[in-house]
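Participant: What follows is the residue order along each chain.
Number of protein chains: 2
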Amino acid sequence: MGRTMIKYPNGNTFLAHKNPSATIKATPTISHSKRGMTLEEAINAANTFYLDRQIAVIHKKPTPINIVNVAYPKRAAAKINEAYFAQASTTDYNGIYRGFYIDFDAKETQNKTAIPLANFHEHQIKHLDAIIKQNGIGFVIIKFAVYNESFVLPATDVITFWQQSQNGGRKSIPYQYIKEHGFIISAGLIPELPYLKAVDALIAQQLN
Amino acid sequence: MGRTMIKYPNGNTFLAHKNPSATIKATPTISHSKRGMTLEEAINAANTFYLDRQIAVIHKKPTPINIVNVAYPKRAAAKINEAYFAQASTTDYNGIYRGFYIDFDAKETQNKTAIPLANFHEHQIKHLDAIIKQNGIGFVIIKFAVYNESFVLPATDVITFWQQSQNGGRKSIPYQYIKEHGFIISAGLIPELPYLKAVDALIAQQLN
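As you go down the protein sequences, you meet chains B and C in turn.
Per this note's numbering, numbering of the first sequence is gapless, rising by one per residue and ending at 233.
Per this note's numbering, numbering of the second sequence is gapless, rising by one per residue and ending at 233.
Heads up, a few of these hints could be off.
If chains are identical, the list can't say which one is meant, so a pair holds when it fits in one copy or spans any two.
[Unchecked claim] In silico lysine to aspartate or glutamate, DMTMM-like type, Cα no more than 20 Å apart, as pairs:
1) K99 / E205
2) K137 / D77
3) K99 / E217
4) K86 / E65
5) K85 / D117
6) K137 / E217
7) K151 / E205
8) K86 / D117
9) K99 / D182
10) K104 / E205
11) K204 / D77
Source of the hints: derived by calculation from the structure; they are not laboratory data.
Here the structure is a predicted model, which is why all the values come from computation and not from measurement.
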């Protein structure tokens with residue numbers, strides 16, 4: 026059966042039947058990982074799980090957009106017919122867990138030995154720095170797709186590497202460093218990516 | 026000089042010169058209040074003030090949008106040419122202040138005696154309820170435009186009124202009740218709406 030991959034600008038991908046007479050059905054994409062979910066999908070699924078069980082309230086923020094033109098047709102919903110993607114001023118995820126303010130971004134790399142700092146944007150680093158100064162729990166979830174391993178790396182480490190790179194230092198965070206200083210997210214069944222267990226370890230470290 | 030009001034779908038308004046040869050300059054709109062800023066503009070200005078001085082990190086979330094079609098012109102930015110406004114699943118504002126997770130929405134009414142509960146949506150009430158259960162600081166900023174008075178009303182009060190209205194109770198929260206149980210935001214110069222002072226009083230009450 027012919028299938029085509031639809032790539033949405035928000036990074037989501039769906040497989041759809043190519044045959045137009047077939048029902049078009051959004052199904053999880055075949056990602057590069059072995060598990061079948063993109064990192065973003067796995068985090069969203071975990072957040073829904075945590076929300077339903079009153080464990081945490083963490084949401085992904087909507088993609089920021091600059092709207093230029095909107096049409097207001099009669100008897101129909103307002104239609105945005107000209108808009109552009111805008112630069113985010115924060116990270117993608119935040120919320121509350123165990124009374125703590127939680128704030129993070131998620132990055133996936135195909136690289137085997139390090140995650141390039143080009144994956145991070147200055148406004149994200151500045152935002153995480155501001156969160157740390159407010160005693161929030163800031164971190165980055167980094168997935169090494171080739172190993173299908175995801176880590177919670179404290180924002181303080183990311184900020185240090187970023188600052189060193191600005192001063193001529195290396196332009197990436199080594200896999201080995203993340204393995205030693207980050208908290209691995211052990212794969213689960215439901216949810217597949219129970220990242221708050223790794224956040225528990227991060228909180229325990231910060232409280233010491 | 027001819028000026029025209031541009032109404033953006035996100036609720037922002039700008040005054041622009043009608044004369045196309047004149048520089049188009051975004052200036053604060055003339056609102057219905059005496060102070061010259063809409064409630065949203067005043068909150069955003071306060072958040073910028075708090076962020077710059079490292080007092081708090083609180084941001085308004087982007088408007089959620091469902092993107093249907095995007096064009097990728099050569100040598101130009103991706104253009105969204107079909108999208109629709111989506112229902113938000115949370116409140117508009119959240120962040121961290123004094124180590125506390127802060128979560129709120131802002132509502133303005135022209136009504137003199139009460140704010141109709143029609144201003145609140147079920148998902149906002151559910152979200153605030155979930156935040157309270159996680160020991161977050163949840164509230165609503167309510168502005169009575171005719172008095173130019175704004176209050177921080179604890180989410181617990183809003184939830185109680187909402188639940189009563191679902192069971193046949195009154196469909197609004199009386200001004201008098203808000204005056205007695207909310208925390209008035211004393212007008213300031215910079216920022217105009219120093220709402221975190223009222224949040225301090227709310228936190229003090231919750232810690233008792």
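Participant: Name the hints, by number, that the structure is in violation of.
Facilitator: 1, 2, 3, 6, 7, 9, 10 and 11
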